[in-house]
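With the hints as your guide, set chain B onto chain A.
Letter by letter, the chains look like this.
2 protein chains.
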Amino acid sequence: MPKLEATEREAALKELDGWTFDAERDAIRRSFKFADFSEAFAFMTRVALAAETANHHPDWSNVWNRVDILLTTHDAAGLTRRDIDLAKRIDAFAR
Amino acid sequence: MPKLEATEREAALKELDGWTFDAERDAIRRSFKFADFSEAFAFMTRVALAAETANHHPDWSNVWNRVDILLTTHDAAGLTRRDIDLAKRIDAFAR
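As given, the protein sequences belong to chains A and B, one line each in that order.
For what it's worth, the working numbering labels the leading residue of the first sequence as 33, then goes sequentially.
For what it's worth, the working numbering labels the leading residue of the second sequence as 33, then goes sequentially.
One chain only, chain A, in its complex shape (with noise of 0.2 Å):
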């Protein structure tokens, strides 16, 4: 799977809302707001679910009723299709 150029991730960061790209981790970043903590990990259990059939996993962190999420593809050291893919389906969970 190879690292996404900078046109690509630019084209690729459009169709996703609100995520913001972290050079440093060569990654893709986005933060959640839920009404408490039941809904938090509602909304992590789907991405769980999504990230197991896709063997591609978020590092994440929840606090409370905020759950913020990193997608980078560790194997390809940056950022690939199967992250925007992946927060593709994120997006979905949390509209």
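It is worth saying that the hints were derived from the structure and are not from the lab.
Fair warning: this is a prediction, and the values are worked out from it, not measured in the lab.
Incorrect hints may appear among the rest.
Identical copies carry no separate label here, and so any pair may be met within one copy or between two of them.
What the hints assert, rightly or not - Here are the simulated SDA-like cross-link-like pairs (lysine to any residue), alpha carbons at most 25 Å apart as the crow flies:
#1 K46 <-> F66
#2 K35 <-> A124
#3 K120 <-> F53
#4 K120 <-> W96
#5 K65 <-> L102
#6 K35 <-> V95
#7 K65 <-> P34
#8 K120 <-> R41
#9 K35 <-> A67
#10 K35 <-> R61
#11 K35 <-> T77
#12 K65 <-> D100
#13 K65 <-> A38
#14 K35 <-> H106
#15 K65 <-> H88
#16 K65 <-> A108
#17 K65 <-> T77
This is chain B only, laid out in the frame that chain A set:
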């Protein structure tokens, strides 16, 4: 819910498995490693249910098979008995 005094904290930490005190956050921390993401997220789900039942939630992060948990009591601005009680539940899940 009062913050734990240093002597109470030392005694409480002895009841736990491998938690360390984070003085800067007035919190306790432990890292857990599992066989894979599936096992890690199964553990997280058990912790989430226990946290919701106790109405006391972790600050935590996950990267594939690893789960890092920090417990503190935001309302008390430090470590309380509620953190120790939740840590005990978490230790039981990890055994």
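Query raised in the report: How do K120 and W96 come out at 25 Å by Cα distance, when the copy is not named: within, between, both, or neither?
Result: Both. Shortest intra-copy (23 Å) and inter-copy (20 Å) distances satisfy the 25 Å Cα cut-off.
Requested in this report: Tell me, please, which holds for K35 and T77 at an alpha-carbon limit of 25 Å: within, between, both or neither?
Outcome: neither (28 Å within a copy, 33 Å between copies)
Query raised in the report: Can you tell me if K35 and A67 fall within 25 Å by alpha carbon in one copy, between copies, both or neither?
Result: For K35 and A67, the Cα distance exceeds 25 Å both inside one copy (36 Å) and across copies (28 Å).
Requested in this report: With 25 Å as the alpha-carbon cut-off, assign the pair K120 and R41 to within, between, both or neither.
Outcome: So K120 and R41 pass the 25 Å test inside one copy only (14 Å; across, 45 Å).
Report task. Could you figure out if K35 and R61 sit no more than 25 Å apart (CA to CA) within one copy, between two copies, both or neither? Result -> Answer is within: at 16 Å inside a copy they meet the 25 Å cutoff, but 35 Å across does not.
Report task. Could you place K35 and H106 in one of the four classes (within, between, both, neither) given a Cα distance threshold of 25 Å? Result -> Within one copy only: 11 Å inside a chain, 41 Å across chains, cut-off 25 Å.
Query raised in the report: Taking 25 Å as the upper bound on the Cα-Cα distance, should K35 and V95 be classified as within, between, both, or neither?
Result: between (31 Å within a copy, 20 Å between copies)
Requested in this report: Indicate which option fits the pair K46, F66 if close means a Cα-Cα distance not exceeding 25 Å: within, between, both or neither.
Outcome: Answer is within: at 23 Å inside a copy they meet the 25 Å cutoff, but 36 Å across does not.
Query - Homo-oligomer pair classification [F53, K120; C-alpha up to 25 Å] - result: For K120 and F53, only the intra-copy Cα distance (15 Å) is at most 25 Å; the inter-copy one is 39 Å.
Report task. Evaluate K65 and A108 at a C-alpha cut-off of 25 Å and name the case that applies: within, between, both or neither. Result -> between (30 Å within a copy, 23 Å between copies)
Query raised in the report: How do K65 and L102 come out at 25 Å by Cα distance, when the copy is not named: within, between, both, or neither?
Result: Classified as both: same-chain Cα gap 15 Å, cross-chain 20 Å, threshold 25 Å.
Requested in this report: Please work out whether the CA atoms of K65 and D100 approach to 25 Å or closer within one copy, between two copies, in both situations, or in neither?
Outcome: Classified as both; 9 Å inside a copy, 21 Å across copies.
Checked against the numbered hints given earlier, the structure breaks hints 7, 9, 11, 13 and satisfies all the rest.
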